[in-house]
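*Asks:* Chain by chain, the residues:
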Amino acid sequence: MSPRPHLIALAAIVVLGLLYAFGSKDAVTLDLVFTLFLYATLGQSWNWISGYAGNISFGHAIFFGCGAYAAALCTNAGLSPWLAVPAGALVAAALALVTGFPTLALRGHYFSIATIAVGALVDTYVRTQGWLGMANGFELPIKNGLGWLQFSDKGPYVALALGLFALVQLATLALERSRLGYYLRALRANHAAAASVGIDERRWKLIAFTSCATFAALAGVLYAQYTLFVDPPSTLALSISIDIALIGVVGGIGTLWGPLVGASVYVLLAKEVALRLGGSGKGYDLVIYGAIICLIAAWRPHGIVGSIIDALRRRRGAADVVSVQNPAEAA
Amino acid sequence: MADAAVEALTTFALLVAGGLLTGLVFALVALGLTLVYGVMDVVNFAHGEFLMLAMYATLGLALLGIGPLVGLPLVAAALFLFGIVVYRIFIRRLLAGPPEATVFGTFGLLVLIQGAAQALFSSDYLSVPNRPLQGTLHLGPIALAQSALVEGAGALVLTALVFAFVEYTETGRAMRAVAEDRVAATLMGINVQRINALAFGIGAACVGAAGALLMLSYPVYPTVGSQFALTAFVVVALGGFGSIQGALVAALLVGLLEVLGGFYLSPELKMVPVYLAYLVVVLLRPQGLLGRR
Numbered sequence: 001m002s003p004r005p006h007l008i009a010l011a012a013i014v015v016l017g018l019l020y021a022f023g024s025k026d027a028v029t030l031d032l033v034f035t036l037f038l039y040a041t042l043g044q045s046w047n048w049i050s051g052y053a054g055n056i057s058f059g060h061a062i063f064f065g066c067g068a069y070a071a072a073l074c075t076n077a078g079l080s081p082w083l084a085v086p087a088g089a090l091v092a093a094a095l096a097l098v099t100g101f102p103t104l105a106l107r108g109h110y111f112s113i114a115t116i117a118v119g120a121l122v123d124t125y126v127r128t129q130g131w132l133g134m135a136n137g138f139e140l141p142i143k144n145g146l147g148w149l150q151f152s153d154k155g156p157y158v159a160l161a162l163g164l165f166a167l168v169q170l171a172t173l174a175l176e177r178s179r180l181g182y183y184l185r186a187l188r189a190n191h192a193a194a195a196s197v198g199i200d201e202r203r204w205k206l207i208a209f210t211s212c213a214t215f216a217a218l219a220g221v222l223y224a225q226y227t228l229f230v231d232p233p234s235t236l237a238l239s240i241s242i243d244i245a246l247i248g249v250v251g252g253i254g255t256l257w258g259p260l261v262g263a264s265v266y267v268l269l270a271k272e273v274a275l276r277l278g279g280s281g282k283g284y285d286l287v288i289y290g291a292i293i294c295l296i297a298a299w300r301p302h303g304i305v306g307s308i309i310d311a312l313r314r315r316r317g318a319a320d321v322v323s324v325q326n327p328a329e330a331a
Numbered sequence: 332m333a334d335a336a337v338e339a340l341t342t343f344a345l346l347v348a349g350g351l352l353t354g355l356v357f358a359l360v361a362l363g364l365t366l367v368y369g370v371m372d373v374v375n376f377a378h379g380e381f382l383m384l385a386m387y388a389t390l391g392l393a394l395l396g397i398g399p400l401v402g403l404p405l406v407a408a409a410l411f412l413f414g415i416v417v418y419r420i421f422i423r424r425l426l427a428g429p430p431e432a433t434v435f436g437t438f439g440l441l442v443l444i445q446g447a448a449q450a451l452f453s454s455d456y457l458s459v460p461n462r463p464l465q466g467t468l469h470l471g472p473i474a475l476a477q478s479a480l481v482e483g484a485g486a487l488v489l490t491a492l493v494f495a496f497v498e499y500t501e502t503g504r505a506m507r508a509v510a511e512d513r514v515a516a517t518l519m520g521i522n523v524q525r526i527n528a529l530a531f532g533i534g535a536a537c538v539g540a541a542g543a544l545l546m547l548s549y550p551v552y553p554t555v556g557s558q559f560a561l562t563a564f565v566v567v568a569l570g571g572f573g574s575i576q577g578a579l580v581a582a583l584l585v586g587l588l589e590v591l592g593g594f595y596l597s598p599e600l601k602m603v604p605v606y607l608a609y610l611v612v613v614l615l616r617p618q619g620l621l622g623r624r
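For the protein sequence lines, the chains are A and B, in the order given. The opening residue of the first sequence carries number 1 in my numbering; numbering runs sequentially from there. The opening residue of the second sequence carries number 332 in my numbering; numbering runs sequentially from there.
Pulled out of the complex, with its shape left as it was, chain B reads as follows (with noise of 0.2 Å):
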């Protein structure tokens, strides 16, 4: 009797566990949803689609004999560049148009990056060859995966020096700044424009970090970034719009959720939880848990 309790307690506390540093690599991909959000009111539909080639990239450079850790920054800058450019020559025409422009445009560019995965790597699982840190840390009766404290622990360093930097340096402020009224910030001589494709290119190497830290435990193929995606507009809601702080908490309880449903309910009802969260919260409370509106 007292065996299965405390067999029950192990189970739920490592499924809580489990759940909390998932949620810490949600928060790093959702980091990047929210700022370019609060910066330029702009929901980038293909942001699944940037972790997935994010994950190609890891993949490609531990092909190479570079490794998931040590391609890691590699892989940010990468993405970095390439959601500059993708903001110079297409999001920068979106904001021109009309509001719903850019719903259909950053949606296009989902269909868009998916097939072009599918039509080049096809659609099989693939894995990095002869992963590190496959073995198991043990706390007492709890035993975690290396991976995926290494995962948790490195997203969340990388939510901490974003957020460090939107608040505290000068181009922090001024993305801030933009966030907070355009036409000001104009006036008060901030480019807009540099700090709108700044803000993009920084959202893109969330994902990039993500990404490569997301191939220590998990395979790679086109339509990887869906899940990933649905589940950070999930949390992107759940914590406000434009909030970091918001986006944070809103993706521990995220990964949480489906953790516990994905063990409690069944595999494949794992979502259920975290889509009736988000309807529940955006009915209820529209700005989000910690959003301002």
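In isolation and in its complexed conformation, chain A is listed as follows (with noise of 0.2 Å):
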């Protein structure tokens, strides 16, 4: 399929995005745009180990924190946070050729706890550690400018979270039609079929999960510089993993708009959770969000943008196109 219709897509929310930041002064939509745009930009950093290569990760927040953490060293250092864009991204880079190297040849259940036991053991690392923060984290100074990557206004912010997912999803267009998203799918839809025809399994899971290990630490710079606060629960904890998880899982594994689409319905979630039953920390919006995971997996197992393409697929009469949620269902 040509790809474009989906850079048609994505330039149309550019433009209009980029219009919105500039253009509304409401601090709590703003606020919401950007979590919008930084969800999907870690739900599509998810995608591309879990969805695509078809390990399931619930430990994908350690990479984010990597980032976190590397703007808030750098500026609480009195060095600028681009510093941290390549420090972040090297550190999760490195994070994850040293733990995907042994465990992406575990597969479904085994791979799925190795991962919760990382994050745990990266968890507790860093809460044991002085020059972390231990478990108190840290509050970044405040500056002012591009330099530092801190702005008085939220639309520049807005903005940046748009430029990054926009990044992030040219790249996943390109890995849809590359040699490596061919790979990733065949290892994922039949690993023994993948590896008899040469396909080296470590090697290219290793290629995609470091790739995108460093968009979810740009992801994490981001977040510390918009916040100006970086701790373990809300940057490396078991809790920010499962909502990433949940986003890739809501919108659709394997499908490019999938993780816009779970964003979108996770902050709209968020929003009217914290709305009508008074924030998070009282359960509410963990039931709610359990509940749809619970459907998904039971009902719509290919998320909302998976649902979609099978009934267009169907529609068309396609029988002989295999489905790209699962290509061995329909062999």
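FYI, nobody ran anything at the bench for these hints, they're computed from the structure. There could be a bad hint or two in this list.
To be clear about the criterion: a stretch of chain A counts as covered by chain B if any three or more of its residues have a C-beta under 8 Å from a C-beta of chain B, and this derived list gives those stretches [to be verified]:
#	stretch
1	105–112
2	116–126
3	297–308
Each residue gets a CB set at the ideal place from its N, CA and C atoms; glycine is no exception.
Bring the two chains, given one by one in their own frames, into a single complex with the hints.
*Replies:* This is the structure we're talking about:
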């Protein structure tokens, strides 16, 4: 399929988003839009390894944390947080290499549990290290200007989040059409068959894992500069990893637009819950998210976008087209 | 000098005893998980939340004047029914979907139950009033909490009972047949849906009983299940997914690692050796210590 409709849609989103970012003065909605694009970026990053490659991770927040902590350390040391962009990305990539090399060959729940264990180890490590602020985390000093990645309005933050999302979306579009993308989907559909035609599972999955870890780290840098506060529960705890996975699953794993749709649902729900039930921390938000995951898993396991794609295919009567979600199913 | 050595040895013996007793409770929790996995290839990520529900149920009974030990069979029976209902309306649907649906689905169940507990019971730590068995038992220089002894012994007996059920009864044999080959079992006239539901119910009953025992010494709060579930995942992977004997051996090992790690490293690092053990085992021996593949 031609990438053109996707590019047009993305361009429209970027134009509308930019107009909104610099046109609106409504801080509450701008905050929601910032969160939307930040989470869509994280969801897409997760989608690379868990959607396209099929290794479901419950530990993706550690890469987000790499970026957030890099930004906090840089700013507190009087260095520009722009330095945290390569630094955070590099640390995240290294962490992905070190943890991915042994674990990516694991399948199914073995990998998922390993990501929980790795996430918990990273969380524990940060909580016991003085230079990482122990359990208390860091506040970031208030500066101003593009050089410090801090702005008095929310508009520029929204624009940056939008830019990051667009970048990751373009990368994903390229992934879908690249050798790497085809290999990952082949490995996901049937790893034994893929291996038998010479696809090196560890090598290609490591490339995907390392790349998507850097996307999450970039989102982390932006997040830290936006909230000016970084601590383990807000950046690398299991609950953040769960949110990221939730966004990917709800939208539809292994689809280009799934993460954006999932993030929209997530942000709208978070707002509704806060409005009607008095914020998170009381468990109502968890009840709703949990119920949504359950419903999707049981009745629409391909997520919102995946279900739409399947329905479109069925209407076209393309019996010979293999389902995106599970090529083995159609075989 | 000699005194210091004796003291260090006594401490070590105390820790080992404590670790083994903790391990026996882990074994009962992990048993439910490994049974469900063995029969239907589902890792129930909400297993710890079932445990949490059982602990709240035990607390509720205690507030009505029914102590944890008397309440144990009631809680186990309630969880058994709960497990069957969850299987019938939810897990069965997941099994019909793509393989990752069971991972997401049971994970969603975890989030849902945990949120509901937070909404209903708040995040406070709650304990059974007038806990029984608060004394200690002295074996020479070693003093053990009576509650820990009863928890360990109770868990051991129940684990043995479930093992005997799976090993020696007709239904248990049917369960093992389904675990071995679902299609062949169906052809032999075994109702796989019924066996699945039963296995899920028994798995839930195991944490039902474990929850009642744990209320002898633990408080309950909405996220209490997570730490036990994580430990149970590690135990089940260590022992080999689906292996009951493996789970028992691994649980004792993990209990020891956790208690010794908590003492000799530091309390906040007590899970580190456990997670490292998981990673090392799944990488070097993916089938687990006693697992088959």
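*Asks:* Now, for every hint given, state plainly whether the structure supports it.
*Replies:* Hints and how they fare:
{"no.": "1", "hint": "105–112", "in the structure": "holds (count 5)"}
{"no.": "2", "hint": "116–126", "in the structure": "holds (count 6)"}
{"no.": "3", "hint": "297–308", "in the structure": "holds (count 5)"}
Hint compliance for this structure: no hint is broken.
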